[in-house]
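Q: Protein chains in written order, with the working numbering: chain A, 1 to 367; chain B, 1 to 367; chain C, 1 to 367; chain D, 1 to 367.
Derived by calculation from the structure, the hints in this document are not laboratory data. Since the model is a prediction, treat every value here as computed from it, not as a measurement. Some clues are possibly wrong.
Identical copies go unnamed one by one, so any copy, or any two together, can satisfy a pair.
What the hints assert, rightly or not - Restricting the straight-line Cα-Cα distance to at most 20 Å, the calculated cross-link-like pairs of lysine to any residue (SDA-like) are:
| no. | residue 1 | residue 2 |
| --- | --- | --- |
| 1 | K164 | S319 |
| 2 | K313 | A120 |
| 3 | K223 | G167 |
| 4 | K223 | H132 |
| 5 | K223 | P130 |
| 6 | K313 | H124 |
| 7 | K184 | L345 |
| 8 | K164 | V105 |
| 9 | K223 | R74 |
| 10 | K223 | E131 |
| 11 | K184 | H262 |
| 12 | K313 | P130 |
| 13 | K184 | E26 |
| 14 | K118 | K269 |
| 15 | K313 | L268 |
| 16 | K153 | A191 |
| 17 | K269 | A191 |
| 18 | K269 | R330 |
| 19 | K313 | D187 |
| 20 | K153 | E332 |
| 21 | K153 | H262 |
| 22 | K223 | D109 |
There are 4 protein chains.
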Amino acid sequence: MIRFECDYNEGAHERILQRLMETNMEQTSGYGTDDHCERARVLIRQACGQEEADVHFLVGGTQTNTTVIASILRPHQGVIAAVSGHIAVHETGAIEATGHKVLTVPSPDGKITAAQVKAAYDAHAQELSPEHSVQPGMVYISQPTEYGTMYSKAELEALYAVSKACGLPFFVDGARLGYALASKDCDMTMADLARLCDVFYIGGTKIGALMGEAIVILNDALKRDFRYIIKQKGGLLAKGRLLGIQFETLFEDGLYLEISRHAVDVALKIHDTLKQHGVQFLYDSPTNQQFPILPDSLLAQLSQDYTFTFWEKVDHSRSAVRFCTSWATRPENVEALTRDIVSLLQKDKDPAEFTEAVAVLETAAMV
Amino acid sequence: MIRFECDYNEGAHERILQRLMETNMEQTSGYGTDDHCERARVLIRQACGQEEADVHFLVGGTQTNTTVIASILRPHQGVIAAVSGHIAVHETGAIEATGHKVLTVPSPDGKITAAQVKAAYDAHAQELSPEHSVQPGMVYISQPTEYGTMYSKAELEALYAVSKACGLPFFVDGARLGYALASKDCDMTMADLARLCDVFYIGGTKIGALMGEAIVILNDALKRDFRYIIKQKGGLLAKGRLLGIQFETLFEDGLYLEISRHAVDVALKIHDTLKQHGVQFLYDSPTNQQFPILPDSLLAQLSQDYTFTFWEKVDHSRSAVRFCTSWATRPENVEALTRDIVSLLQKDKDPAEFTEAVAVLETAAMV
Amino acid sequence: MIRFECDYNEGAHERILQRLMETNMEQTSGYGTDDHCERARVLIRQACGQEEADVHFLVGGTQTNTTVIASILRPHQGVIAAVSGHIAVHETGAIEATGHKVLTVPSPDGKITAAQVKAAYDAHAQELSPEHSVQPGMVYISQPTEYGTMYSKAELEALYAVSKACGLPFFVDGARLGYALASKDCDMTMADLARLCDVFYIGGTKIGALMGEAIVILNDALKRDFRYIIKQKGGLLAKGRLLGIQFETLFEDGLYLEISRHAVDVALKIHDTLKQHGVQFLYDSPTNQQFPILPDSLLAQLSQDYTFTFWEKVDHSRSAVRFCTSWATRPENVEALTRDIVSLLQKDKDPAEFTEAVAVLETAAMV
Amino acid sequence: MIRFECDYNEGAHERILQRLMETNMEQTSGYGTDDHCERARVLIRQACGQEEADVHFLVGGTQTNTTVIASILRPHQGVIAAVSGHIAVHETGAIEATGHKVLTVPSPDGKITAAQVKAAYDAHAQELSPEHSVQPGMVYISQPTEYGTMYSKAELEALYAVSKACGLPFFVDGARLGYALASKDCDMTMADLARLCDVFYIGGTKIGALMGEAIVILNDALKRDFRYIIKQKGGLLAKGRLLGIQFETLFEDGLYLEISRHAVDVALKIHDTLKQHGVQFLYDSPTNQQFPILPDSLLAQLSQDYTFTFWEKVDHSRSAVRFCTSWATRPENVEALTRDIVSLLQKDKDPAEFTEAVAVLETAAMV
């Protein structure tokens with residue numbers, strides 16, 4: 001079985017494991033106060049071009065989102081997010097469990113716009129009795145999104161400007177950040193991102209590390225007592241050095257972007273090959289997640305040798321599925337996958353159905 | 001600098017690292033659904049003699065305590081714990097953050113008694129208007145305790161019997177469980193413990209693993225939907241296999257107890273050597289934490305070469321401190337530590353002060 | 001200024017005030033343990049035909065919803081509600097503040113269907129990894145709804161049957177319950193309702209009382225320790241007798257339904273009069289809230305003498321607004337209101353615009 | 001049965017009921033935006049000598065404490081309170097339910113000292129890893145306390161000064177405030193109190209009103225969005241005018257202090273009479289709660305005609321109990337109570353036992 005259902009199917013990049021071996025019997029203080037964490041912080045600040053940023057290391061994404069959001073909002077405030085945002089749909093109500101509503105706005109492609117943020121803010125502010133509803137308190141986006149799509153620099157600038165104007169801290173979930181920055185369609189750097197938000201995080205779990213997310217806090221007002229919130233939410237790792245060592249390794253020679261690029265390259269290989277064979281895609285993703293629409297019969301056969309994620313029914317005979325690549329994806333596996341799909345496609349291809357599928361899809365996308 | 005301030009100063013046992021290397025490029029499904037986790041569950045069930053137990057792997061102790069407790073209590077209930085319990089003092093209000101009060105009972109040695117649980121339960125039940133105060137909803141203890149002390153089998157039997165009689169789930173925090181089970185004073189096995197509580201966990205972070213705690217749920221009523229709570233509280237590790245692999249290694253050849261025994265042996269080496277030289281101890285600990293009372297002047301000097309934890313002032317010139325050993329503690333470091341303490345002691349020993357310290361201490365212990 | 005913007009513009013029914021005067025210097029025990037509360041419970045159980053029901057008195061609606069919902073759900077569960085449900089939009093995130101997500105389903109008319117509940121339940125149960133999203137844990141509806149619409153007995157039977165089949169407690173918010181039961185379109189009694197749900201409440205604040213809501217718990221599994229939750233959520237009134245006395249009065253001679261009927265009668269007077277003059281309505285409400293669509297110019301003028309609630313823009317020149325009547329609405333005020341609207345309508349009536357408005361409205365309602 | 005077990009046994013002062021009757025059919029806007037609330041705010045600001053204070057009306061004490069505290073603290077912070085504070089023991093964990101720990105400090109008499117606040121603050125600040133424990137975030141006291149004792153102006157000045165120095169908002173629970181201000185031992189006015197804290201509330205429930213507490217926010221930093229928190233916590237009364245009308249009445253002619261004085265006068269009558277007959281008291285209370293120590297046999301007999309609250313066993317044959325008076329206490333009932341106690345005392349008086357009881361009590365008080 002060859003796995004494409006997520007981007008955390010393997011362990012860690014070999015250089016990370018190597019480093020863990022080398023440092024294993026070093027004695028360090030706990031909870032992220034060690035020299036490896038300190039060095040990783042310096043490297044990340046450099047990558048961000050932000051000497052004053054606070055950098056904290058946590059273990060996983062849900063924990064990170066919860067910790068950041070709970071640290072920012074007052075009790076009556078909620079967080080604006082896309083209806084498809086990870087915090088809205090895939091964290092078992094972790095945000096609500098800290099007392100806050102996720103204020104969702106519609107999104108066909110996983111992104112939200114500055115205009116939507118402004119509209120949500122204004123709609124609340126203009127209510128006759130605003131205190132009867134949840135006050136927007138911050139803005140959450142993912143870069144890239146849960147659908148593999150990506151914000152342009154201009155879009156981020158607009159979102160940050162609007163958020164600032166509304167007094168809403170702007171938080172960017174970068175669980176797959178490298179896969180955006182390494183995309184050839186990307187017009188921004190990590191330093192650009194760091195200038196265009198109040199707080200973001202750099203995903204390690206999905207990009208080379210055993211586990212780990214690096215939170216970068218840019219806005220001074222959000223820095224205070226952050227370690228307390230990490231501890232309370234269960235995210236202060238005893239052997240914090242494990243996270244420090246991993247981010248040190250990822251950030252000392254450009255490894256983070258290098259391995260991200262690999263994942264995107266092989267993802268586009270899948271995309272381009274399938275597209276050449278007439279396959280349509282649910283979202284237009286330039287990153288490591290691809291969402292082709294394929295015949296259900298084909299998918300049934302394919303699932304005997306490959307794992308992937310069912311996404312949604314598109315019409316009576318076709319579904320969109322998700323293939324993820326990662327830093328660890330073997331080119332030969334991608335080769336095999338595309339070859340097998342193409343071969344299955346050629347067996348049961350029916351151009352009429354394709355046209356139909358696309359029509360249905362376009363209708364759906366407009367909703 | 002030689003470190004004795006905690007039991008998580010190093011990485012992981014070499015066999016664990018080895019295994020992580022070997023399995024690194026295996027592809028597995030996420031979130032603990034892989035074969036390594038499954039095999040680790042089987043091994044732990046065997047060690048517990050409980051085929052029907054549910055076993056879940058989490059990353060750290062605060063997260064584990066919060067997840068277990070939040071999964072059990074209804075909103076108006078609190079958890080009974082020693083005033084020195086980890087959940088009461090060292091988790092930044094993580095339990096309260098899930099809405100629950102920690103109902104502390106006094107404890108001179110870190111332990112609580114069946115009589116205390118009964119008294120707390122009865123006191124509440126007999127209130128004229130019990131609904132005006134928090135209802136005891138479960139019982140929490142640590143084995144060994146935060147003071148290195150240990151419950152005997154008889155004490156656990158009594159606690160479990162009382163808890164059952166009161167309808168209170170009984171939860172044992174085993175962040176350092178191996179260091180109790182490996183103590184030569186210990187009269188119980190892991191299987192005994194598993195028969196004497198509703199849920200407990202086996203600490204890996206402090207005993208050989210990079211990180212990881214294995215929750216063992218014995219009581220069927222507590223099993224339902226537990227993975228939801230793990231996910232919501234941020235504890236569902238994406239690469240769950242990392243925890244599976246580590247517990248597999250710790251439990252396949254008795255490694256867990258073997259390395260625990262080492263830690264206890266060297267801890268007792270410290271204890272016995274200092275005792276021979278007349279040093280008194282704050283608590284009578286047969287496990288990996290030792291709390292000698294030493295002259296402040298000595299401690300000042302000692303801290304130039306060693307790290308340890310200041311615990312409390314005992315009199316005007318002496319303090320209790322904590323030395324932790326672990327699976328990773330090097331015998332030569334223990335040798336050096338005891339030699340240096342003894343040599344410093346001999347320099348400034350003053351029998352009169354010792355007597356005084358002991359008197360003060362005994363008074364304090366009686367409070 | 002004549003007020004129609006809500007149904008709590010006045011104090012209490014005179015018989016209630018009278019009774020408060022008469023009983024004022026009686027000495028009673030606190031927190032709802034007095035004889036008045038006890039008698040009110042008996043009367044309510046009789047009205048419900050449920051001798052075993054638990055009855056509790058709280059002060060207001062948000063408090064009541066929060067208390068009931070928090071008492072039922074486990075941490076990882078959410079409550080299914082219409083997107084327009086009071087708990088979803090008008091309680092400042094009170095449900096989220098207790099840790100739970102409101103799982104909204106679309107609703108054009110304020111009601112949800114048994115099929116929607118089934119679909120939400122199944123969709124969750126069929127997820128590949130359901131533990132990554134919030135588990136539906138109960139169902140909430142309002143009778144009548146926030147849009148004045150009403151469930152038929154058959155609809156409630158279907159909802160209750162589905163809820164039971166899915167293991168979801170079914171909760172009916174009756175903040176305006178009398179205004180449904182007193183509607184001439186209503187095909188059910190309070191006893192019917194009591195057979196068709198697990199818990200509901202009878203609104204007093206909007207129907208004759210100074211304040212107060214009576215929770216009726218039918219399902220034994222939901223009764224345990226309910227007073228603790230009331231106290232914790234701030235709803236246990238010290239002078240509980242005030243609520244007892246009011247519900248005693250409302251339920252001893254059929255006063256509750258009698259005054260509810262008055263409100264509905266005058267609401268229908270508004271509805272029928274406007275309809276006769278060609279006015280369209282946003283929702284088809286047979287209860288005390290009416291939502292006519294009127295020209296903005298008319299509304300501007302009308303607002304000089306009357307208060308009402310702006311609801312939504314319907315087209316470029318018309319808006320839907322809400323008029324509420326209540327037990328206290330004076331017939332002469334309704335007379336004046338309808339007369340003034342009709343007279344303003346005749347001044348600027350333009351049949352073409354009406355047609356347009358209706359077209360837009362119908363489109364909107366289909367979404 | 002004559003009731004002395006609490007200070008909310010009756011309805012409301014007759015002038016309040018009168019006013020509710022007179023205003024009953026006035027139409028007002030909801031949620032405290034009406035003219036009565038506005039006028040009550042003006043009167044309270046005048047009584048406080050604070051033109052800029054924000055004044056909000058809530059229904060009950062637990063609700064008020066929860067709302068104020070939840071509005072102030074960040075997630076990792078707790079509230080310092082006496083171990084006997086209402087929020088610590090009698091609110092079913094309402095504070096914990098909003099995520100916050102109550103950080104209790106010992107108190108023999110219900111009061112805490114500036115030195116204790118400083119010590120708690122310093123102890124936390126000086127921890128090696130303060131982020132592992134709850135950060136003190138504010139200070140809570142009751143004036144008068146749950147034991148009837150009272151802070152002097154000098155004590156409040158010291159508490160406020162220390163709180164300010166530590167950056168801790170200082171909150172005074174005045175559920176029985178009138179009974180302190182009306183005490184002849186009181187050296188302060190409401191205006192003094194308003195100068196010496198960040199936020200306090202004026203209890204109405206226990207002093208003349210049907211229900212109601214008036215929160216006075218002095219510190220500008222605590223004013224923002226307070227109505228949102230009230231609404232979320234279930235405390236925004238629909239017919240807010242009911243609270244406005246009551247506080248208007250209580251504050252327009254000095255009624256609040258006048259009726260408070262009556263309660264204190266009759267309480268002291270109890271105190272002085274019993275003292276003359278050799279009765280000892282558990283606390284030295286100059287307010288409306290009195291805690292005499294009486295023979296258990298006497299109490300058993302007394303309880304056939306009077307209600308009062310058992311407080312604690314003092315020795316094998318005597319207990320402390322609480323008698324509360326209020327604005328509504330009838331002098332003839334106090335007359336009867338004291339006469340009956342004295343007569344019972346004379347029957348079974350035994351000077352030897354008294355002496356013993358006092359000895360035991362004094363020992364207990366020293367702990």
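Q: Checking K153 and A191: alpha-carbon separation at most 20 Å within a copy, between copies, both or neither?
A: within (11 Å within a copy, 56 Å between copies)
Q: Between copies, within a copy, both or neither: which fits K164 and S319 at Cα up to 20 Å?
A: neither (40 Å within a copy, 33 Å between copies)
Q: Between the shortest in-copy and the shortest cross-copy C-alpha distance, which are at most 20 Å for K164 and V105: within, between, both, or neither?
A: within (19 Å within a copy, 32 Å between copies)
Q: Cα distance capped at 20 Å. Does K269 pair with R330 within a copy, between copies, both, or neither?
A: within (12 Å within a copy, 52 Å between copies)
Q: How would you classify K313 and A120 at a CA-CA limit of 20 Å: within, between, both, or neither?
A: between (31 Å within a copy, 17 Å between copies)
Q: When no copy is specified for K223 and G167, does a C-alpha distance of 20 Å or less occur within a copy, between copies, both, or neither?
A: both (16 Å within a copy, 17 Å between copies)
Q: Is it within, between, both, or neither for K184 and H262, if the alpha carbons may be no more than 20 Å apart?
A: within (11 Å within a copy, 54 Å between copies)
Q: At 20 Å max between alpha carbons, let me know whether K153 reaches H262 within a copy, between copies, both or neither.
A: Neither: 22 Å inside a copy, 56 Å across copies.
Q: Pop the pair K269 and A191 into one bin, within, between, both or neither, using alpha-carbon distances up to 20 Å.
A: So K269 and A191 fail the 20 Å test inside a copy (28 Å) and across (53 Å) alike.
Q: Within, between, both or neither: how does the pair K223, D109 come out at a Cα-Cα threshold of 20 Å?
A: Neither, since 32 Å and 38 Å both go past 20 Å.
Q: State whether the alpha carbon distance between K313 and P130 is at most 20 Å within one copy, between copies, both, or neither.
A: between (39 Å within a copy, 18 Å between copies)
Q: When no copy is named, should K153 and E332 be tagged within, between, both, or neither for a Cα gap of at most 20 Å?
A: Neither: 34 Å inside a copy, 57 Å across copies.
When the structure is compared with the earlier hints, violations turn up for hints 1, 7, 13, 14, 15, 17, 19, 20, 21, 22 and for no others.
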